[in-house]
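Protein sequence lines, in the order shown, are assigned to chains A and B. With the working numbering applied, the first sequence corresponds to residues 13 to 382, in that order. With the working numbering applied, the second sequence corresponds to residues 13 to 382, in that order.
In case anyone wonders, no lab produced these hints; they're calculated from the structure. Hints are supplied without guarantee of correctness; some may be wrong.
No copy labels: a pair is met if it fits in one copy or bridges any two.
Unchecked claim - Calculated pairs, PhoX-like style, for lysine-lysine (alpha carbon to alpha carbon, straight line, at most 25 Å):
(1) K175 with K126
(2) K148 with K172
(3) K175 with K335
(4) K292 with K195
(5) K355 with K235
(6) K175 with K148
(7) K195 with K141
(8) K123 with K237
(9) K123 with K141
(10) K126 with K62
(11) K17 with K62
(12) K235 with K123
(13) K172 with K355
(14) K172 with K123
(15) K17 with K172
(16) K256 with K355
(17) K141 with K62
Number of protein chains: 2
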Amino acid sequence: MENLKELNTSTRVLMGPGPSDVHSRVLRAMSTPLVGHLDPEFLMVMDDIKVMVQETLQTQNPLTFVVSAPGSAGMECCLVNLLEPGDEAVICIHGVFGTRLADIAERCGAKVIKVEADWGTPIDPNNVKKALASCKPKLVAIVHAETSTGVLQPLEEISKMTKEAGALLVVDAVTSFCGTELKVDEWGIDALYSGSQKCLSAPPGLSPVTFSQAAIDVLENRKTKVQSWFLDLTMVKNYWAGAKRAYHHTAPVSAMFAMREALRIVLEEGLENRFERHRKNHELLRDGLERLGFEFLVSEPYRLPMLNAVRIPAGVDEALVRKRLLDEYNIEIGGGLGPFAGKIWRIGLMGESATPNHVNMLMAALKQLM
Amino acid sequence: MENLKELNTSTRVLMGPGPSDVHSRVLRAMSTPLVGHLDPEFLMVMDDIKVMVQETLQTQNPLTFVVSAPGSAGMECCLVNLLEPGDEAVICIHGVFGTRLADIAERCGAKVIKVEADWGTPIDPNNVKKALASCKPKLVAIVHAETSTGVLQPLEEISKMTKEAGALLVVDAVTSFCGTELKVDEWGIDALYSGSQKCLSAPPGLSPVTFSQAAIDVLENRKTKVQSWFLDLTMVKNYWAGAKRAYHHTAPVSAMFAMREALRIVLEEGLENRFERHRKNHELLRDGLERLGFEFLVSEPYRLPMLNAVRIPAGVDEALVRKRLLDEYNIEIGGGLGPFAGKIWRIGLMGESATPNHVNMLMAALKQLM
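Pulled out of the complex, with its shape left as it was, chain A reads as follows (with noise of 0.2 Å):
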């Protein structure tokens, strides 16, 4: 074979829907030499990182971890040390990502009953009620924000109806984490999972996790085991929090030391301040969007700052344009997904993606475009 060459890749602007640009310190820390996945010096980071993330997610709860893998893996550490199965779990669907979790709930046996809203509508807290007085819930599982549709789902009320009925509240954070309001226990979720590659702008491939202590007592008293050895909380919390730190798997060093970076920025900067930037920057490009004729998917209240979906005005290739985005302007943005594929863009301002900079490359390219 021949041998092939250096890595030698464009400069890109990253405006889709993750991974997001990341600071020159996430990069430098990511890059410093290894340290062994139980030195005490290890551990130390893996302990700075989950009083982090707890800051950021604001919650107290013991119990709060990143999973060794992308978003999708926390979505499904979640539910497979949640649910058994026969359980009944109410899934809410708007979106891919809600469609994901009904498909992870029913590959751990459960019983799916599903709470559908249109795609880039939020869902509507009446149709859970019904949900829930319609069979005996374990749990609930929702989407925060639909990185598919730019939804931001509101929690506040289906949380209280959720307690109600004894059952366990599951939020997807992938997106909104560190990019919007997120309040674990004020809100009264039980489980949460995200991403470092959206809002807290550090490579993909981690997935913070936080459960609260009704959560935990779900997963102690299980009948059986949980289904998938590598993300059994059962034994990678003791890896995270036990008085042994107990090997488990051998957690991604560098990436940790990417994200313990990314978080210590963000905490820099202050979570008020770092939203209100992501909506500045959100009203900046909406304004400039629309003068170029362009509609949001999402009505007003329910819009994400982050991740902006807009309608392709007619006449307009928006695969070509994308691609021009890409090979003239080093720009990416995102195509949509399912139903939406060809119809919508998805525009990310996430993290380090939220600057007034990004925001008018993306307007002065897109002008001499279209």
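Chain B: place on chain A using the hints.
Chain B alone, transformed into the frame defined by chain A:
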């Protein structure tokens, strides 16, 4: 919360059971600014990695790819895709990782027929033969390089009897990959997983996997869904090799940059040269350790060159010496697992850590400490 300080880890010399030292070229490639996980340039990186993993595994298998998680997830990936509830699986156990294989197979709903050997010795093919005759085996799973004991398991005879029984051969090559001979096609291996952080010397977090056509046939004729969504190869394969390169999960872009560079370094050196380097440095270490009074756990023909398991001489406080090696010399070696805790050391000479300087540093430090 008070802000945490900048990452400030010690410069370790990694001579444990992995991770091993990582070349600066790999760290540099990893810190390249990101591209998107569906960027045509990233799909080319995936293609490059696939070709180089085929080359290093000496296989033509088209379904050769990388699981976006550590080796344990690669193990789970092989078993969850090949096993269905009620299947019979012959699992060979001669250390921690065979035990883990059996645990995962049981979580898949398989009936496990165990073939055991004393830890520190290889599996006897005659016992595999008896087990195969006692059931209708779907697969035989065996560890090629038992990281918990340092045993190199010969595979060719067991492979032949597995084929004769109409079963698939599943192999754990986490520690042997890129460090000693491993011929997937010639040896008739049907499914194999490895890890990035051993003799490949990339950071931990990824697991190269390959499936033969016979394994793909089993996958495609499943009656039930794969119990893990994240590891379901009926979907993952469309991201790695499909005509459309369909989105499944967000791949760990930076870790893949690192893996590409680590594979390039392996192929520049050449597989045979690399294996010879591991052998020579193992011999250097062996001679030094024996002069200091250490005895190897494993008899000579079955010793792994990259994972040296030695008994602790009487009177040596193993935990204290290991701690002093780390604190005073920055050298990490591994302790024993399970029944060998406190009784053996596991000294790694993997990838970038397999050099005369590593051996000399360790031997000199040990002489000063003991």
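**Item:** Same-copy or cross-copy closeness of K17 to K62 [CA-CA at most 25 Å]
**Value:** Between copies only: 15 Å across chains, 39 Å inside a chain, cut-off 25 Å.
**Request:** First find the shortest C-alpha distance between K256 and K355 inside one copy, then the shortest across copies, and answer within, between, both or neither for a cut-off of 25 Å.
**Result:** between (53 Å within a copy, 18 Å between copies)
**Request:** Classify it for me, K235 with K123: is the Cα-Cα distance of at most 25 Å met within a copy, between copies, both or neither?
**Result:** both (17 Å within a copy, 19 Å between copies)
**Intra/inter-copy verdict for K148 and K172 if alpha-carbon distance must be at most 25 Å** = within (16 Å within a copy, 52 Å between copies)
**Request:** Check K17 against K172 for me: Cα-Cα at most 25 Å, and say if that holds within a copy, between copies, both or neither.
**Result:** neither (57 Å within a copy, 39 Å between copies)
**Request:** Evaluate K175 and K126 at a C-alpha cut-off of 25 Å and name the case that applies: within, between, both or neither.
**Result:** Result: close within a single copy only, 18 Å intra versus 45 Å inter.
**Request:** Please work out whether the CA atoms of K175 and K335 approach to 25 Å or closer within one copy, between two copies, in both situations, or in neither?
**Result:** Neither way: K175 and K335 sit 47 Å apart in one copy and 49 Å across, limit 25 Å.
**Message:** Cα distance capped at 25 Å. Does K172 pair with K355 within a copy, between copies, both, or neither?
**Reply:** Close neither inside one copy (36 Å) nor across copies (54 Å); limit 25 Å.
**Message:** Checking an output row: K292 and K195, CA cutoff 25 Å. Within, between, both or neither?
**Reply:** This pair counts as within: shortest intra-copy Cα distance 21 Å, inter-copy 57 Å.
**Request:** At 25 Å max between alpha carbons, let me know whether K123 reaches K237 within a copy, between copies, both or neither.
**Result:** both (18 Å within a copy, 15 Å between copies)
**Item:** Identical-chain pair category, K126 with K62, by Cα at 25 Å
**Value:** The answer is neither: 33 Å in one copy and 39 Å across copies each exceed 25 Å.
**Message:** At most 25 Å between CA atoms: does that hold for K172 and K123 within a copy, between copies, both, or neither?
**Reply:** For K172 and K123, only the intra-copy Cα distance (22 Å) is at most 25 Å; the inter-copy one is 43 Å.
The structure fails hints 3, 5, 10, 13, 15 and 17 (numbered hints given earlier, in ascending order).
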